[in-house]
Amino acid sequence: MSGATGMDEQQKLNDAKAQMLATKATLDDPTYIAGLTQDQQDDAIVKSASLSTAIEKIENTQIAVIADKVSANSAELQKATADLAAANAQIQNATALLNAAGSLLSIVGRIVAL
Amino acid sequence: MSLALRKLCRAGAMAALLAVTACAGASNEQIAQVAQSGETFATQAPRVYDVVFASAVNRDSSDLEQLRKRAEGRPEAVQAAVKTAFVNNTKALSERLAHFNTMKSHAQLLDSYFTKLNALASGGGSAAAGQAATNAASELEKLAPGIKDISIGGKALNGFIGPLVSLGVSTFSNSRLQEHLKTSAPKVQEAIALQRSMFALLLDQERARAKATADAAVKVAFDAFDKPLPSSWAAERLKTFAPAPITNALSAALDAAEQLQTNYEELVTGGDGSLNRLQNALALVGAVVTVFESNTQQ
Numbered sequence: 071m072s073g074a075t076g077m078d079e080q081q082k083l084n085d086a087k088a089q090m091l092a093t094k095a096t097l098d099d100p101t102y103i104a105g106l107t108q109d110q111q112d113d114a115i116v117k118s119a120s121l122s123t124a125i126e127k128i129e130n131t132q133i134a135v136i137a138d139k140v141s142a143n144s145a146e147l148q149k150a151t152a153d154l155a156a157a158n159a160q161i162q163n164a165t166a167l168l169n170a171a172g173s174l175l176s177i178v179g180r181i182v183a184l
Numbered sequence: 277m278s279l280a281l282r283k284l285c286r287a288g289a290m291a292a293l294l295a296v297t298a299c300a301g302a303s304n305e306q307i308a309q310v311a312q313s314g315e316t317f318a319t320q321a322p323r324v325y326d327v328v329f330a331s332a333v334n335r336d337s338s339d340l341e342q343l344r345k346r347a348e349g350r351p352e353a354v355q356a357a358v359k360t361a362f363v364n365n366t367k368a369l370s371e372r373l374a375h376f377n378t379m380k381s382h383a384q385l386l387d388s389y390f391t392k393l394n395a396l397a398s399g400g401g402s403a404a405a406g407q408a409a410t411n412a413a414s415e416l417e418k419l420a421p422g423i424k425d426i427s428i429g430g431k432a433l434n435g436f437i438g439p440l441v442s443l444g445v446s447t448f449s450n451s452r453l454q455e456h457l458k459t460s461a462p463k464v465q466e467a468i469a470l471q472r473s474m475f476a477l478l479l480d481q482e483r484a485r486a487k488a489t490a491d492a493a494v495k496v497a498f499d500a501f502d503k504p505l506p507s508s509w510a511a512e513r514l515k516t517f518a519p520a521p522i523t524n525a526l527s528a529a530l531d532a533a534e535q536l537q538t539n540y541e542e543l544v545t546g547g548d549g550s551l552n553r554l555q556n557a558l559a560l561v562g563a564v565v566t567v568f569e570s571n572t573q574q
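Quick mapping for you: the protein sequence lines, in order, are chains A and B. The first sequence begins at 71 in the numbering used here and counts up one residue at a time. The second sequence begins at 277 in the numbering used here and counts up one residue at a time.
Hints may contain errors.
[Claimed, not checked] 27 Å max Cα-Cα, derived DSSO-like pairs, lysine-lysine:
1. A:K139 to B:K463
2. A:K149 to B:K463
3. A:K139 to B:K367
4. B:K458 to A:K149
5. A:K149 to B:K380
6. B:K503 to B:K345
7. B:K359 to A:K127
8. A:K82 to B:K367
9. A:K117 to B:K463
10. A:K117 to B:K503
[To be verified] Ranges of calculated distance between the beta carbons of each label pair, as one might list FRET restraints:
11. B:G562 to A:Q110: 40 to 50 Å
12. B:N571 to A:Q81: 49 to 59 Å
13. B:P521 to A:K149: 22 to 32 Å
14. A:K82 to B:E371: 12 to 22 Å
15. A:Q108 to B:A374: 36 to 46 Å
Source of the hints: derived by calculation from the structure; they are not laboratory data. Just so you know, even glycine gets a beta-carbon here, dropped at the ideal spot from N, CA and C.
One chain only, chain A, in its complex shape:
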């Protein structure tokens, strides 16, 4: 999917959702419901229930677009973290080497003292 096409699709999805939200908000408005006949109220309940699910699904689709990109980015983030871990390890190795040298010199000192 090209970037532009993806943007167009997202915009269409957003427009459709805005329309659905507007319709559902009207169907659920107590003042609007109070002015309806019983049959119209039944129809409003059925439509509102259906729109409730459709809106949740569209929102999930929008969320999934970013969540999918995040999954792809996670591996790169792990590589960047590993790069820093390697640098930290180099410093720790140098420190360990200096500690070992200190210990070795201490032992040599004790042997010489004997």
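Knowing the structure of chain A, use the given hints to seat chain B on it.
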């Protein structure tokens, strides 16, 4: 002290000093400060997703409860439609939870990244290496007491080695950090941008819902005068225009993500980041999310 040893020590000191002064870009301290804020952001992000999800579940539950109440005693087809919504909305929320869990795992990776960045930049390693070198020099001095007479510029060699090694390690850290920022920064910037995008989308979704409700109220109000008003009219009207509290948490999280993005980018470009704004934004996220968490637990 032999002339050769003096020259060697001076050369070492000069090399370390030159390396430090030659380092372009952000200092270790600047990097450490941004990394610490990054850690805070990455630990707060999962909490934001948790409260946003709880808010979505609450809203859906309230919507379904209302529909169920309206469908009571109505034809079977009307009740079946509401029952279908009960099942399908629960599936949709389950999917949303999976997406939010992906975002939370990603935030945890960001946390690991910033923890490592902070460890390299904050100088703990260089201090430890300096201390190890001082200890080694002390042992050497015990072995060859004449060494304590060696001095450079009036300073004893023993007291000189620790700081010199510490400086060398600090220089090495900065050099590795600069190299790291050059190669890995785009992917980390993308990671922060993705978290920012998610907060922006969730905020848009909340605002779209609020706008639709307010627009519908205006549309309905036009005809309301000539029709019977429900007993709950005034209360419902007030509820319509009440701001959704979750937008406060999302606005704060979005601002924090934007500030982190700016500060991290400026580590790469060498700009002077607005760290105070980032820290204030993070404090606000923490405060708002804590209020939501305490309300959820009640």
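message = Hint compliance check: list the failing hint numbers for this structure, sorted ascending.
response = 9, 12 and 13
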